[in-house]
Structures are given as structure tokens and as C-alpha cells.
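Protein chains in written order, with the numbering used here: chain R, 1 to 263; chain G, 1 to 360.
There could be a bad hint or two in this list.
Some residues of chain R that are not near chain G, with every Cβ distance over 12 Å (derived) [what the hints assert, rightly or not]:
hint	residue
1	L4
2	V48
3	L109
4	A177
5	P205
Among the chain G residues that face chain R by a calculated CB cut under 8 Å, a handful are [as the list claims (entries may be wrong)]:
hint	residue
6	T63
7	Y84
8	F172
9	R264
10	W265
11	S297
12	A307
Keep in mind that the hints were calculated from the coordinates and are not lab data.
Every residue, glycine too, gets a C-beta built ideally from N, C-alpha and C.
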Amino acid sequence: MDRLLLIASTFCFLLAVVRTALLLKTRTFRPGRSSFFAIMAGFALQTVFLAVRGHALGRCPLTNMFEVFIFMAWSVALIYMVVGPTYRLSLMGAFTAPLVLFVQTFALLAPIDRPRTPKMEVNSWLEFHASMSIVAYGAFALACIAGLMYLLQERQLKTHQLHSVFHHLPPLTDLYAAILRLLWLGFGLYTAGLVSGFFTGQPLPRVKMACAIAIWVFYGAILQGPRLFRLAPRHVAALCVFAFTAAVSLLWGITFVSQRGPV
Amino acid sequence: MKLFCVGLSHHTASVETRERYARKSELEAGLRSATGCREALLLSTCNRVEVYAVAEGAIDTQTVARRLAASELTTEIDDTASFYRHEGEECVQHLFRVASGLDSMVVGETEVLGQAKQAYAAARENGGAGPYLHRLFQRAFRVSKQVRTHTDITRGAVSVGSVAVELAGKIFGELNQRKVLVLGAGDTSEKTARALASRGVKDLRVSNRCGERAEQLAAAVGGRAVPFGDWIPQCQEIDILITSTAASEPLLTRETLAPILEGRWDRPLFIIDIAVPRDVAPDVNEMEGVFLYDIDSLQSIAAQSLAQRRRQVQAAEEIIAQHVREFADWLGGARRNLRPDEVKDRREIPDAHPIRASES
């Protein structure tokens, strides 16, 4: 039953994506309120789904890969709702909606929504650790999207080929500032998630810990890159895209393997 | 009642002809008494002189043209062929197109809207605009706003200076904290510097081989002159460089710029090279954080924007057509049922529907 909410939410994100695609096709792209409202409606339905699922489970709905993906899609939408309008990154919705749509559609179609057996006891540290880490992934996802926007805008300015979307993308310096803020936000949340992992009272899986620390170090290096290695903004943007792709692949890989046995 | 428009514009008349007819709004009262129009409004811009009028009987084009003539001598010259005339629905459509910038020399420009609003305000003051013209112009302003909002007709810069400003905005966002160096004191660089200053740039530096000319330009754009020998070190600090010297060889090459960029790896440098031959080697654009635009690139972007605006004309025409139909319905009804002094619809008269600050 709760999956219906998710299907409706996915449909909202689909509407936002279709609208953007149609406008891009007619070369009259302009970020409008309808896309923002579609994303907002999708986010509201996601929230209700997570609440219903959490109520049914009696705990934070992060018990299987399906819920992890949905929680992540929700985090991306949440941070977009907070960051997008604040930094006037209205076009970010055009990039956010496809990502959320992809993650949710995959989660709905893949056979990964299986109840966890045996049922785990509620562990608040573990829930804090998992939720902080996933919301951090949401911030990193948005940093990745801002990075893509930066690379797109920079490319247009370098090649002098200005397309319709050029007029709607924010200035490079604003995008770079947004990337850094999102990275710091994600890094802070991820640090909280990582540290709380030590308090769960459970044996620490070595591979998982090593990967988590590697991701933490990598994002830390990106943040310090401009100061220590004189990284140009374009490189920071490109690294954001790379780091998020790598981090999601690792998260997926580790969780997939851990479901088959402790790592 | 007949609603009509008589005028000439850049489409039909040379600038010399237009000059002869450029008149002030004080003429409207005389125009009404001389021609017998019940309402008359004069729209006079550098590209057009038009009279929008409402009369009970037929008033020929020559009568209006004669009244518009700037001097007695002008009446000796026969400019009748330069005048056009639109009546009823055609007149409505013409005004909606003018107010929306579709009839302008640069399609989509918005200056004409401001001029139309000024003309309307003046006519309102001197009594030239009655119920018909009030309703017509109020609707024209609405149509123009709708066209601007729902199409990309005003999108993109269409002159070298405005393209440079738009690009600077897309690189730096707010420009008020940006530093600009103008190298060479040519006419286009002056215009570009002025355009940047109008967008809030406060730190403008001018460097020229002739120090006196640099001082003059600096004074004109509210900047300061910098000795020509110091322009390369200035590149460490500035964000935007506008070059237009008469040098026969590039002044700025990869080799010259590389050591400067080392100290500013996290700050973009926007270079506008409007010199011919070019002052900046083209491969400088490949350097990290450098955005180089020469005169051809800027003109090409301006042409692209203009083409983009022209592609929007059809969408704008559709919006206008809908409003013309609605207005024509009202006009038909008003002609059948009401004399102008009997128009009761207070929403359509100016005191109940004043020009908003944002529109004036």
C-alpha cells in the first residue's frame, strides 16, 4: 500500500523531468514554478511514505536497500528544497528531478524491497549513523549536480556556444560558492555519521569502515584542494561529480555484499 | 467612432524624414483642434512618430502629416509616401506590436514600452487620451508584459557592449565588487566600460599609450588612469580586461599570462578583446580560468541572440492576436452601444487604473 505513495511521488518527479525535456526540445527552457511544485509534491509524498513505513517498522526506515535508496532520494529532494531557492539555483531542480526519478524508479523496479530477517533491535546510534550518512549523501548529490551545472556553464563560456539553458544557469562564481557550501554541509553530516558509527555497540565491519574513511578523506581533500593544491574551481566541480559517483558505487557495492555476509 | 493610427517609422522613412516630424506631446491639443479628433496621442521616438487618434468622421493622412510637420518649410516637402495608416483592428494590432518591441529596429527591445508609457502619461495629463485610448494603451501595456513573460523575445544581449556585460554577469554574478582594466581608449572599449559601469562596476582603470587620452576616458567613465607600462601587473588584481589598442602584434600571450594566473588560480579572468588585429593571442582562451572573447565572438553571440528573438516572434504574434480579437470585440460593442463620454467601465479609465511604478 505504501508503495502507491512512492509511485505517485515518482510520477511527480517524472512530470518535472518531462516538462524540462519538452522545454529543452523547443529551445525555450525557463525554470518555472510548475517544476518546483512538482518536486515539492514528490517530496511531500516521499515524506509520507517514509513516515508510514517507519511507523509500520517501529524504527527509522533503513532496513533494506529499497529503503536506503528511497531515503537517499528523499535527502536529495530535501536538500534541494532547502538549498535551491536560498541560492536562487532554480535550475537545479531540472537536474535534481532526473536523479531522484532514476533512483526511485530503480528502487521500485528492482527486487530489493525484502523485509529483513531476523528483525534487528532498535539501536538509536545505528539509526543516527545511517540517517546522517544518507542525508550527507544527499548533500554530496546536490554538490555533484551543482558541479555538473558548473561544468556545463563553464564549457559554454569557453567554447562561446551559448544555448538556451545558458541564460538560466547561475553565474560561475555563485555555482562555485554553492558547491563549496554543499560540500561542507555534506562533509559535516558525513563526519557526524562516521563518528556515530563507533558508538553503535556493534562490531565494526572493516571493509565498510575503510571505504567510509576513504570517502571522508577524499571529500576532505576536495575541500582543502583549492588551498593546498591550488585546485581550480573547474577541477573542484569535476571532482564533486567523480567523488559522488564513486561514493554511491561504493555504498551500493558494500551494502550489496554485506547483505550476503559480514564484511 | 473611428480608431486609427497615422505615422512613419524606420521601416518607411529615413532618419532625415523622421527628424522633420519628431514633435513633442504639447502638439496633441493642437492636433485635436486642427484635425477634429476626439482623442489623440502622439508617440514620438527616435525610430517612429505616430499619432493614435479617435474621430467621429474620416480624417485623412495628409491632414495629420501636415499637422505633425516640424516647420512651415517641411510642408513643402511631400513625405506622404513615408506615412502609413492603420484603422480599427489593424491599429490595435500595430500598437500591441510596437509596445511589445516586435516593430522595433532591434526586435524585443523594451525602451519603446517606456516611451509609450510616457506618451500615454502625457496624453492623460493634457486630456488627449479619452476612454478609447485609455483602454487601448492599458491593454497594450498588458500585452507587452505578457509577451515578455511568456516568450524569450527580450532574452539575450544584441550589442557588443551588452553581450560583454551579460557574459561578465554569467561569470561573476554581481559586478559591483569587480575590477576592470580598459587597455586602449577606443570608442567600443569606452562603450563597453560604460555598460559595465552601468551594471555597478566601481573600480575601473584605464591604460593607454597616450596618457592624456587615458585620463580623459577615465574621467568620462568614473575610473582612474594607469600608466601604460603598468598594465601587466594590474592583471593580477583585475577581473575583467577590455583591450582595444592599435598594436600590430598580440600584447597578451600564454607566456605573458602564465605567471599572472599562478597567483589567481581560483579567480576567473574575463578578457574582452575588441581590437583588430587582436591584442590577445587566441590560445589564451585555453588557459585555466580564462574566458577570452574577441570582436567576432561577441558579434556572433549578438547575432545569435537576435536570431533567437526573431524565432520568438511567432509566439508573440499569437499572444497579440488573441488580445486584438478581445479588444476588437470591445471596440465593436463600444461603437454600437456607447458614446465615449458614456463609457461607464471605471476599471478602464486611468484614475482607477494608474500606471504602476514598475511600468513607468
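Hint by hint, where does the structure go against what was stated? Just the numbers, ascending.
Structure breaks hints 4, 6, 7, 9, 12.
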